[in-house]
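This is what each chain is made of:
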Amino acid sequence: MFLNYLKSALRNITKNKFYSFLNILGLAIGIAAFIFIFLYVRNEISFDKYHEKADRIYRVESDFTISGKHDQFAIVPVPMGPALKLEFPEVEEMCRFNDVGNSLFKYGDKEFYEDGFYFVDSTIFDIFTHKVLVGDPKSCLVEPYSVVITESIAMKFFGDQNPMGEIMESGSGRKYKVTAIMEDVPINSHLKFDALLSGSTIAAIQGGDAFNSMEPVRFWNIGVYTFLLLNQNADMQSVHQKFGGFYDKYMKPVGDAINASFDLMSTPLTNTHFSGNISSDLPKGNMAYIYIFSAVALFILLIAAINYMNMATARSAKRAREVGIRKVAGAFKKQLIGQFLSESLVLALIGFAIALLLVFLLLPDFNNLAGKTLEFDLFRKPELFFTILGVTVFIGLISGSYPAFYLSSFLPVTVLKGGSGDKGRKGGMLRKVLVIFQFAIAIIMIMGTLIVYNQLTFLKNKDMGFNKDNMIILELQDSAFRSKVETFKKELVKNSNILAATNSTGIPGDNSWIQVVKMEKDTAMVDNAMLLTLVDYDYLDTYGLELVEGRTFDREMGTDLEEAVIVNETTVKYYNWTDNPIGKKIHWGFEMDGSGGRILKVIGVVKDYHFNSLHNKVEPIMLFMADFDKYYVSLKVNPENIGSTLQYIEEKWNEFGAKRPFNYRMLEDTWGEMYESEQKLGVIFTISTILTIFIALLGLLGLSSFVAEQKTKEIGIRKVMGATLGNVLALLYKEFVLLVIIAFIIAIPLAYWQLDNWLQTSFVYHTNISILTILLSGVLAIIISMVTISFHTLKAGMSNPVDAIKYE
Amino acid sequence: MIKTVNLTKVFRTDEVETTALNQVSFEVKEGEFVAVMGPSGCGKSTLLNILGLLDNPTDGDYYFLGNEVSGFSEKQRASLRKHNIGFVFQNFNLIDELNVFENVELPLIYLGYKASERREKVEAALEQMQIIHRKKHFPLQLSGGQQQRVAVARAVVANPKLILADEPTGNLDSAHGEEVMNLLEQLNKNGTTIIMVTHSQRDAEYSHRIVRLFDGQIVTENIKEQFAL
Ligand SMILES: Nc1ncnc2c1ncn2[C@@H]1O[C@H](COP(=O)(O)OP(=O)(O)OP(=O)(O)O)[C@@H](O)[C@H]1O
Ligand SMILES: [Mg+2]
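Going down the list, the sequences are from chains A and B.
Okay, so the first sequence: first residue is 1 according to the working numbering, each after it adds one.
Okay, so the second sequence: first residue is 809 according to the working numbering, each after it adds one.
In short, the hints are calculated from the structure, not lab data.
Computed from a predicted structure; not experimentally measured.
No residue lacks a Cβ here, since even glycine has one placed at the ideal position from N, Cα and C.
Keep in mind that the hints are not guaranteed to be accurate.
As the list claims (entries may be wrong) - Here are the simulated distance ranges between beta carbons: (1) A:F21 - B:D822: 51 to 59 angstroms; (2) A:K15 - B:S887: 37 to 45 angstroms; (3) A:Y291 - B:D822: 56 to 64 angstroms; (4) B:D822 - A:A353: 34 to 42 angstroms.
As the list claims (entries may be wrong) - Covered stretches of chain B, going by a simulated chain A footprint (3 or more residues, C-beta under 8 angstroms): (5) 817-826; (6) 863-870.
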C-alpha cells in the first residue's frame, strides 16, 4: 500500500515539474534557513551551560547609589569575593577575573598585543569546567608569575615547541612561567579568555597586605568580575537577604561618609549572556534578537508550507477528475488522504535533502556573517538530525493535510459532471487568506529591513558633536614614554598632515573614569558620581568640541592647569546652573574625610557631544587638566597620505624610545564596532527578508500560473465580448494586487508596533518611522508581486481568443 | 454589409501547412440570414472567426460595413467587433464564475454603458430570451438549452447589426434546438443579419440561403430566396 502511495506520489511530482520545482525550491530554502537559525539560536541559548556546576555558579554585580543616583556594574570591588566567602556559608568557592587589558606579550622574537588575558584566582578550575591538557589544574595558578595558556596562544607564541616551563614576558617586563596548557574556551562562553595569569602576581606586586586588605575603603572601588560557587542546595537568595549585615560590617563607614550605599546583585552564570544592560559588562547576546530570529525561521517555513497548500488546492480543479475517477473506482477517503499526504511528504523530504546540502555549503558564509563558528554536527549529534527531520515531516504533514482533506471530500458526481469541484469558493477563500498572510509577513520584514537600515544610517550620519573621522588613536602603555608625551606631540604636529594632537585619559567611546566629586548645587556642595576626562590644552580643538559658553583652556592663563574645568550642557541642566554656569565649583580628589583635593571652577560649557554610543543618553561629564599620566594620544590627520603619515608617526614613536611596537587604531572603527550587533541584525534581517519574499514569490508564481491557466477561457470570452488587453490584464492583476494591499494594511500596525518598540528600547537616539518608509515597503511588495505574476498573466492576457473559445 | 474577395487562411504548425480557407469570395447583405454548411474540418469556423474579426486572413480582402479590415490591428478589430457583432457558440462559452445577469452584462461593460442602462438592457434581453427568472443562477446550474438562451441574450444585448452563430444547436436536443432557432429567426425578422454555421439541414431551413464549403472553398450557393420568390 505504502509503496503504491509512493509510486503515485513520485509520478505526480514528475508530471507537474514546474510546480514541484517551485515547491521543492521553496521548502529547501525554508528548511535551510530554519537550520541556520536553529544552529544560531541553539548556540546562543547554550551559553555557559557546559560547565558541570553551572547551576550553582553566580556572577555578583554592583549597585552603587550615590546621592540617590544608581550606577550598576558587572564588576565588584576586589575584596568582595573573599569577604563573601568568609561571611556566607552558602559560598563554597569564589573566583575573580581581572582584565589585563590590551597589552604586549613576548616570547623570544615573537611579540603580540593581547587583549584576552586575565588575572584569576587559582580556584578557577574548581568552579568552571575547562580541560587542562598539560599541567596540574590544582596548582598551576597558585604561584605568582604563573601563566596558563590556551592551545591557540600556545600555537601563536610557541609553534611546535613545548611551552611548559617557558617564560613569557609582558610589555612592562614581568616574566610569567607557563605552568599549564588548556583547551580553548568554547565559543558559547560569555567570558572568552586566551590566557590566565595567577592572581597572586598582583599580591606580589602590590604587597600581600595591601592586596588582601578588607578595609572599608577598598569596597568602594570597583574592579573585578567575581563568580561564586554555591554549596549544593544553597540559595543565592539567602545571601542577598543577609547582605544588609555584611554591608554594615564591611562598607557602611565609608558609605555614610560619602552619602552612598551599595547593594549586591547577582546573575546565574547561565543567564549572564542575556542579562540586562549594566556598565563594564562583556559583549552579550540579545534575547529580543533570539525571539525575532526564531519567529523569522518559523515564518519562512510556514510560508514554504503555505506555498504547497495553495498550489495543491489551486490545482484541485485538475485533480478533481482524478479524485472522482478514483472514488468511482472504489477508493476510500482514507486512502485518498494517504495518497495526498505522501505526496507532500515526499516533496518535503526532497526539500530536506537539498536543504542539508545547502547548509553544508553555506555554513562558512553564515558563520562569517553571524560572527560565530558554528558547526553543523549532524552526524555526531543525532538529536539535531532528528529534530530537523521531525520539523520536515511536520511541515510535510501540515502542508499536505489541507489539500488532502479538501480534495478527498469532493463528491464524484459534481466533479465528473465537469464542475471544478471548487464551487463552494471555500478553497479559493482560504487560498486568499493564506496569500494575505504570506505577504503580510513579507511586508513586515521589508519594513523591518528598511527601518533597521534607516537606523544604521542615522547612527552613521548623526552629528556626534565631535570629530570622529580621520582620528588616529595611540595608546601609551609605557609610563616612561607617557612622561615625554608633550614633546612627542610637538614633534608630530610638525608634519603638515597631522593637524592636531591631544593627550587625555579618555576619548569619545572610551571614557569610563567615574569618581565621586562634590558639585555646587544651590548653596551646598553635594556628593555625586561624575564622569571625568583629564585632558590637555588641545583636547577641545582636536576633537572639535563646540563651546556654548565661557572659554577654552588657555596656556596664557597660569591657573587653568590647576583649577579650570569645562563641563557639558547636560551637567549645567543637571545641577541647575542655567543662569550662570561660569565660576561654579567642583571639588575633586578629596580624601575619605572630605579633606584635600582641588576646587575646580567652571570656565566654559561645551555643547553636548556623544562620548557614548547612541544607545545611551548623554550624561554629565567634566574635562579638566591635571598633572597625571594620560593613556591616549589622539591625532587629527589629513585623510590623504594616511600611509605616509602613519609611517612618520611610527618613526617618531620609535625615535622616542617607546618600549612597545607601534600600534594604532582609527576612532571610526571603534565607533563602528559599537553598532556591530545592529549591523549584524541588519544583514541577517535583509537575507531573511529576501528569502521570505523569494519563497512567497515562488508561491505567487505558481498560483498565478494556475489562475492564468484557469482563466484562459474566461479571458478569451471577454476578449470576444470586446475586452481590450488592458481590461483583461487589469482583471488578472486586480485579484493579486488586492490581496497584497490587504496584506499591507494588516502589516502596517503590526510592523509599526514592533519596530517602534525596538527603536525605543534599544536606542536613546533613534530615527522615527516615516510614512514614506511604510509606503515604500508596500509599493515594493506590490511591484515585485506584479512583476512575478506578469510572467504568466501577460502570456494569458495576450493569447489569441480564438484558441481559448474553441475547445472546452 | 459583408464582402470577401479571395479570402484565404493558411495555418502553419511546425512542418504542417493547412489551407483552411482557399480564395473564398462571397457577400452578405444587411438583414440576410445565411447558413454555412459543410463537412467537419472544411473551414466553417475559420471563416466565421475571420468574419467576426477575431482573426485575420492570410490573404484576400474583407470588407465589413464598407471598410477593408483585413489589415486592421487587434485593437481596431476589437472596437469594430464590440460595436457591431454578437457571437453564439456551440459550447455556449459562458463564464462559470459569473451568474446569468453578469454574463449577459459583459458586452455592455466593455461598451461603457452606465450601470442603470446596463440593468435595463440586460433585463430586456433576458426577458426576450425567457430566462429572466434565472438571472441569479450560475451557468453550471442551468440546462444546456438554458445556457444557450443566455448566450443568445448576451449576443443580442448590445443590439448588434450582425450575429455570428457557430453550431448554436450542436450541443442541444431537438426541442431545445428548435427554441434557439426560433429565437434567431425572431431576431432576423427584427432586422439583425445572421450568419450561422450548422450541420443540421433542419436548422439550415430557417435561413434565406445556404453557403456550402468543401476543403476551404465555396462549392454552391443555394439562394433559397430565388426559388421562394
Ligand atoms: N489554430 C489552428 N492551427 C492549425 N490548424 C487549424 C487551426 N484552426 C483550424 N485549423 C485547421 O483548419 C481546418 C479548418 O478548421 P475549422 O475549425 O474551420 O473546421 P470546421 O469546418 O469548423 O470543422 P467542424 O465542423 O469540425 O467544426 C482544419 O483542418 C483544422 O485542423
Ligand atoms: Mg467548427
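Against the earlier hints, flag every one the structure doesn't satisfy and list their numbers going up. Hints 1, 5 and 6 contradicted; others consistent.
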